[in-house]
Amino acid sequence: MAKVIVDVVLKDEILDSQGDAISRALPRMGFTFSPTSVRQGKSFIITLDHEPSRDELGEIEKAAATLLSNPVIESFSIRVEH
Amino acid sequence: MRVGVVTFPGTLDDHDAARAVRFAGGEAISLWHGDSDLQGVAGVILPGGFSYGDYLRCGAIARFSPIMSAIIPAAENGLPVLGICNGFQVLCESHLLPGALTRNSELHFLCRDQEIEIVNNESDWTSDFSNGQRIIIPLKNGEGSFQCDDRTLNELEGNNRVIARYVGINPNGSRNSIAGITNARGNVVGVMPHPEHAIDSLTGPTADGLAFFTSLMKTRV
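Chains as they are written, first to last, in the working numbering: chain A, 1 to 82; chain B, 1 to 221.
Check before you lean on any hint, since a few could be wrong.
The calculated lysine to aspartate or glutamate pairs, modelled on DMTMM-like cross-linking and capped at a C-alpha distance of 25 angstroms, are [stated by the list, open to error]:
hint : chain 1 : residue 1 : chain 2 : residue 2
1    : A       : K42       : B       : E106
2    : B       : K140      : B       : E115
3    : A       : K11       : B       : E106
Keep in mind that the hints were calculated from the coordinates and are not lab data.
Pulled out of the complex, with its shape left as it was, chain A reads as follows (with noise of 0.2 angstroms):
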């Protein structure tokens, strides 16, 4: 069993508005590590019964640039979990 993690997160250039509002409410939790920034993005775990094969993974990284992500505003990554 495997699973193929995808992580989705908005390109740097887009503004993500939900990112600036925590980053705006870590101190007024009296958070002090102050980030510079936080950007907000999405998982998407993909459980598979076997080792994915290389054809496999082409096919979910396929997935992840068509689906899963919006390549005009988002980027991603994959990463696979034994």
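Once you have looked at the hints, place chain B on chain A.
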């Protein structure tokens, strides 16, 4: 003129869009998301709402529906298509229009009568306006902030592809206060505020929105 109005699961404004078509003198033809037959319509409207619950991203699932797989090639061949609000999001996800609509900059869902200025009256859906005409139509969305990279923005501005801008305070953080854009050919238009809710002063703030629909009648006669 037969004008198709698409209904996806979660579409809200298809009835108002169909009414707007009838007010403009056309015949509204209902197009179902699961069909791929355009029934010979001379134009298509993608109305507002929350297609497929806005799951994943607004418009992302609708893009892959059977009706969109018929509309996308037809639009590339010149069929007039107007996407309003969620329909605009579907057009961006379909890559018929560039850019994307993201969360309003203040994160609030906005619902108000909004003044916009028509800045290009050469598209199939804006030809019945005059350039610089200011109109008031409802704006109601949570993800209406038009975003794109600098190169795309320059291309839109340089080629007169912005069709409308917000007047006064930019309500949602859209780049250059963009409220609507068109493709290079002028047949595909996306607009975030809702002209179909403002076609008759009895039921809307104004009747200013009607000209989007009469534009199509005028263009295609």
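Evaluation of the provided hints:
Proximity of K42/A to E106/B is assessed by CA-CA distance (about 20 angstroms); at most 25 angstroms being required, the pair is judged to hold. For the suggested pair K140/B and E115/B, the alpha carbons sit about 13 angstroms apart, so the restraint of at most 25 angstroms is met. Our distance criterion of 25 angstroms between C-alpha atoms is met by K11/A and E106/B, whose separation comes to about 19 angstroms.
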